[in-house]
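Construct the entire structure; sequences and hints are all you get.
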Amino acid sequence: MTSGVTSAAGVVLAGGASRRMGADKALVEVAGTAMARRVAGALAAAGCTPVWCQGGDAAALGALGLVVRADHRPGQGPAAAITDVARWLATADADAGAVVAACDLPGLTAAAVAALVGRPRPAALGVDGRPALVVWLPPGAVSAVAASRATRYTDLLAEISTELVPIDPAVVRNVNSPDQL
Amino acid sequence: MAVPEISVDELAPLLEAGARLIDVREPDEYAGAHVPGAVLVPLGTVADNVDVFRGDGPTYVICARGGRSLQAAEFVAAEGVEAVNVAGGTLAWIDAGYATHTA
Numbered sequence: 001m002t003s004g005v006t007s008a009a010g011v012v013l014a015g016g017a018s019r020r021m022g023a024d025k026a027l028v029e030v031a032g033t034a035m036a037r038r039v040a041g042a043l044a045a046a047g048c049t050p051v052w053c054q055g056g057d058a059a060a061l062g063a064l065g066l067v068v069r070a071d072h073r074p075g076q077g078p079a080a081a082i083t084d085v086a087r088w089l090a091t092a093d094a095d096a097g098a099v100v101a102a103c104d105l106p107g108l109t110a111a112a113v114a115a116l117v118g119r120p121r122p123a124a125l126g127v128d129g130r131p132a133l134v135v136w137l138p139p140g141a142v143s144a145v146a147a148s149r150a151t152r153y154t155d156l157l158a159e160i161s162t163e164l165v166p167i168d169p170a171v172v173r174n175v176n177s178p179d180q181l
Numbered sequence: 001m002a003v004p005e006i007s008v009d010e011l012a013p014l015l016e017a018g019a020r021l022i023d024v025r026e027p028d029e030y031a032g033a034h035v036p037g038a039v040l041v042p043l044g045t046v047a048d049n050v051d052v053f054r055g056d057g058p059t060y061v062i063c064a065r066g067g068r069s070l071q072a073a074e075f076v077a078a079e080g081v082e083a084v085n086v087a088g089g090t091l092a093w094i095d096a097g098y099a100t101h102t103a
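For the protein sequence lines, the chains are G and R, in the order given. The first sequence begins at 1 in the numbering used here and counts up by one. The second sequence begins at 1 in the numbering used here and counts up by one.
In short, the hints are calculated from the structure, not lab data. Hints may contain errors.
Not close to chain G: a few residues of chain R, all C-beta gaps over 10 Å, as computed [unchecked claim]:
#1 32
#2 33
#3 39
#4 43
#5 51
#6 54
#7 57
#8 72
#9 94
#10 99
#11 102
#12 103
Reference listing, derived: stretches of chain G covered by chain R, where coverage requires no fewer than 3 residues with Cβ under 8 Å from a Cβ of chain R [to be verified]:
#13 41 to 55
#14 62 to 74
Where a beta carbon is used, it is the ideal one built from N, C-alpha and C, also for glycine.
What follows is the structure, encoded as structure tokens:
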């Protein structure tokens, strides 16, 4: 790691149930590109490495050029998935933080991700004081997240005193059903 | 966590000396043509098979053109594997005139 530069992994949460979409949300295409791939692209373009999907259809996402880690607690929601990511980081690379983003944010940009990376405190993109599911876990917060028992995303953010970074709503507009595409 | 890269011309003598090469393409791509000795670990299964990448010395990672293998190499490097990406991938290997295996 270069002095002064924080190493950041990029994680796409791809294990959601996609009930309203009627299809695997991660694989739904927006402008010709699967949503998980769009989010992974924004993370990579912001300098995140490695980039992987947490959960989801490993065969299908792999064929799209994405590394996939199995969710240890599938269906438990984003807080559980983020905790799993932190546990992996804690064992794999002590110097790395991570940006964790939901797969259903096709408008996510590299600039928005870059606005989070390197901050000394946990930070999430937010609109009108409400957090979107794009959160930066700095290296110093990894162990606290790994130990968290929070079951709700917002509880997890509060536990680690996450600051909200205001963002254009279009960047974090999430897509839950086909009519939102 | 930058991953080093080598060319197929650099890879060829290393393989003759017994270097470990992992191919992260899909099974049908691998069956069509692969570098002799390459072990198939499709990209979607890399995270569950990091131990396959471990061993003495570097592990070379290849795909079709070098993009997917870079993803895989960066991931296993974060888990402590000495991974090296093969620039240009299997297509560069074929273009350079080296032999391939099928199935």
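Taking the hints in turn, this is what the structure says about them:
1. 32: 15 Å, holds
2. 33: Correct as stated: the minimum Cβ-Cβ distance to chain G is 18 Å, above 10 Å.
3. 39: At about 16 Å from chain G, residue 39 of chain R clears the 10 Å cut-off, so the statement holds.
4. 43: Violated: least Cβ distance 4 Å, not greater than 10 Å.
5. 51: 14 Å, holds
6. 54: 13 Å, holds
7. 57: 21 Å, holds
8. 72: Contrary to the label, residue 72 of chain R does not stay out of reach of chain G, its closest Cβ about 6 Å off (not over 10 Å).
9. 94: 20 Å, holds
10. 99: Given a closest Cβ separation of 27 Å, the condition holds.
11. 102: 20 Å, holds
12. 103: The assertion about residue 103 of chain R holds, with a minimum of 20 Å to chain G.
13. 41 to 55: holds (count 4)
14. 62 to 74: holds (count 8)
Figure legend: structure checked against the earlier numbered hints; hints not met, in rising order: 4 and 8.
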